[in-house]
Amino acid sequence: MTQQAHDPAINGAAGKSFTVGALAQRLGAAVEGPESLVVSGLNALDLAGPTDISFIGSDSYAARWVESKALAAAVTQDLIVPGHDANRRALLRVPNADLALAELLTLFAPVGSPVRPGIHPDATVDPTANIDESAAIGARVTIAAGCRIGARTVIEPGVQIGSDVVIGDDCTIRAGVVIRERCVLGHRVSIHPNSVIGSDGFGYRPDGRGGMQKLPHIGIVEIHDDVEIGSCTTIDRAKFGKTVIGAHTKIDNLVQIGHNVRIGRCCVLASQTGLAGTVVVEDYCQLGAKSGVADHRRLGAGARLAAMTGVHKDIEAGAEVVGAPATDRRLFWQIQAALRKLPELVRTVARLEQQERRSGEDSDPA
Amino acid sequence: MTQQAHDPAINGAAGKSFTVGALAQRLGAAVEGPESLVVSGLNALDLAGPTDISFIGSDSYAARWVESKALAAAVTQDLIVPGHDANRRALLRVPNADLALAELLTLFAPVGSPVRPGIHPDATVDPTANIDESAAIGARVTIAAGCRIGARTVIEPGVQIGSDVVIGDDCTIRAGVVIRERCVLGHRVSIHPNSVIGSDGFGYRPDGRGGMQKLPHIGIVEIHDDVEIGSCTTIDRAKFGKTVIGAHTKIDNLVQIGHNVRIGRCCVLASQTGLAGTVVVEDYCQLGAKSGVADHRRLGAGARLAAMTGVHKDIEAGAEVVGAPATDRRLFWQIQAALRKLPELVRTVARLEQQERRSGEDSDPA
Amino acid sequence: MTQQAHDPAINGAAGKSFTVGALAQRLGAAVEGPESLVVSGLNALDLAGPTDISFIGSDSYAARWVESKALAAAVTQDLIVPGHDANRRALLRVPNADLALAELLTLFAPVGSPVRPGIHPDATVDPTANIDESAAIGARVTIAAGCRIGARTVIEPGVQIGSDVVIGDDCTIRAGVVIRERCVLGHRVSIHPNSVIGSDGFGYRPDGRGGMQKLPHIGIVEIHDDVEIGSCTTIDRAKFGKTVIGAHTKIDNLVQIGHNVRIGRCCVLASQTGLAGTVVVEDYCQLGAKSGVADHRRLGAGARLAAMTGVHKDIEAGAEVVGAPATDRRLFWQIQAALRKLPELVRTVARLEQQERRSGEDSDPA
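So the sequence lines, in the order shown, correspond to chains A, B and C. Position 160 (the first sequence) corresponds to 231 in this note's numbering; numbering is contiguous. Position 180 (the second sequence) corresponds to 251 in this note's numbering; numbering is contiguous. Position 268 (the third sequence) corresponds to 339 in this note's numbering; numbering is contiguous.
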């Protein structure tokens, strides 16, 4: 039954299983229950099935243990878990259930991309391209002249790579991604499906005849090590020089990065964020979903934008801002609280004004 | 002349034509004019050509009938249509012109995808994949190991499908869509071009060395029956368990759905909306364009978000909210009205304060 | 060394070089320095290498000339450039450094797409399609029945074109673009990677059984001459008739254009903007990033929306609006200034009210 060999547990375990004892050893956990139980998946308490491990990080989760179908759970050390039957199920006592979860996710994660090392016969690779022999190039990939692809890098089906692109080692370029000419990617860069790297920036000048003349964009995009980029995200090439994404920076889905933007290290950009041309984002900034920064503005190191924030002035290092236009976080919420009283305030002031007018008349000597 | 066989009427009739009499029967309409006229397209009054049918749902449209080139029109029963020449053109009297329009659109809609049943010789289908023989798999499609594709489902050119994906009957997966491993689609699901289903959720933890460690996302996306998803929309797989899109829900273009989101039945999400991780949207919610919901928040059944609304707290069932942060619809518009008076209000209060100070001085016993 | 023939200068010069004398002649510049110096790239002052030309448009840039490694610079005529060594480097004096930059970018721009004229053997072109012999059709392109592709038009790898699509002369359709059936593109249209033209509009009606019935969209998208469209942008086909993008209009990345929208000439739509169904945008409008317009609304000619503006009413020709809901630009900033005083204002009014109450008690005759 070939079909069954592929039957996926919905919760993601690609045929992996571990005894409770083995998991406990991996997590450094003490076990309350049979160490011989075999766990083959990971899920939330309410979704878990009878071969799944789950996790309990608070009293409210602990209270749901009895009703859960899970076979085992990683539990924060001192939590009381009512009704646990140690003959039938196992609790793994850990110092921190969240850290244990991250560890378990890694354990149960399916092996990466199915693309195998080597160049698929249906790929089109220019003879001048230099492909490491451990790289995996999928079906219907185009790799143009002069490209260099590093060791163990995976290029999934349908990816289009322009001329002279450089991609480092251990990268994953998912299906449908387009990388235009001369862009440079470091090591361990991951790009999710249908994103576009190195399209032209958005720049025109009036052509003097009522139309607009396109400004050529002859620069590139440079993406440093350990960057991850989501799906359907667009990063424009520089007018000249480089658009730069710093090491360890993480960019979500549907994000727009304009030409000549420079993002530092370890920044986090949530989905649907947009940076206009020549924006500078210093290290460790966090940009909430749907936030936007106007062209030529700078976010100081560690600045944090709440979701939907619109920045039209430079933001100081470490500042936390909210709203459009971006406002200091504390002031923003004070204003919001006051706004809810504004209709009443208008009425109060009208009354005070009337009162004043009357008292003016009262005291009128005439 | 093969070319002419393909000559498309701009208004979309792919070679279809109907007599006025046949259309009247279909719509249950009474005809004022020749039933033998032949209609071959559908268009708005001002754009219609001499073989098109149009529609008239109000007096202002009725007034434009004389100038329109349309051959026929569906007209609401009791409207007066000045200058109609029943020798030359036809009016089809219907109880409701909008409903008739929907019916006519369906009649004139071109036959679906041109992809023919069977597997295109340029597709790459893993031998362990189970493809119904009535399914149509286009050129340059990749279908990985263990997939199941249902009856009459159409997969257009350039689609990439990861391992163990299940797709039901009568689905349409448009060009360039990427569906990653183990995702599950029900029946009659339609996904428009270049959307991405099942990419990794956006989740990291500090790695203790100044960088960030990726959290594996081992869950899936599950899409129920009769869901439609627009172009360039991204739906992330769950960290574990499922991201769920409920039956009959409709999602527009460029929408972001985070990991572990659960959307109920019959919801409508307009374009550029974004839901962060683990959001719950109950049945029959309507989310306006560019609205956003912060992670772990819940929209109660039937809640309605106006365009550009930003939700950072749970929203009650049936509530209508506007703005960012989301505000009760009535209060929002009261605040907006008051805001327009705010600059004047500031001046008034300043004057009252000055007045008070003066009257304080006047009454100063000193 | 084939590899070196492809070695790209990061700053984009694809093997192009010019003497300072030749550049000066092209720009109409007077030279301060050796005309024989050979320039092979273009970059910003701080990024430029020893064979690059840069540009100096202000005193602050002039002050950095000494430290720059650039070989030459275009300089606004009357600027004083401290420390220039005319034996070693060259300044090209021009009336306007910005215009000179545009000229230089064009000079150094790499030659366009690498796709060669003719039909790639891995493309799938229906025999009824009419492809100009000077057009370049890349690998893995699908062109369905009845299409017409004009002279010198380039279709990059992985593009999917539905039946009866018409594309004019000198167009560039980048990798991964999807154009659905019957859409019509004029001349010199440029579409960046992974955009989608002609997907179904977002329209449903209640089906009377708790679900929703899809409205067929049988119209098309018509794109006029000299339009440029960014990456991952979606333009929906009309319900019937046409969605129209007027000549010379420029649309950025990740923009949503709904069904039946009509955009005039020379408009500029920045990234992540969204137009709902049946919106009309008259000529010369400018829409800032992330702006949105509700269905059926009209922007008068030359209207300007700031970034993140939300339009829910018609906007007059020439108006400048900001915010959501859209507000006259001057009033918006007056309100913003007042908002920053609002928390204080609430306290002041509370004090005035208390004061009034006390004085009311004082004067109480009882």
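Worth flagging that the hints you see were computed from the coordinates, not collected in a lab. Hints are supplied without guarantee of correctness; some may be wrong.
If chains are identical, the list can't say which one is meant, so a pair holds when it fits in one copy or spans any two.
[As the list claims (entries may be wrong)] Straight line, CA to CA, 30 Å or less: simulated BS3-like cross-link-like pairs of lysine-lysine:
1) Lys87 with Lys285
2) Lys412 with Lys87
3) Lys384 with Lys412
4) Lys140 with Lys285
5) Lys412 with Lys285
6) Lys87 with Lys384
7) Lys87 with Lys140
8) Lys412 with Lys140
9) Lys285 with Lys384
Violated constraints from the hint list, given by number and in increasing order: 2, 5, 6 and 8
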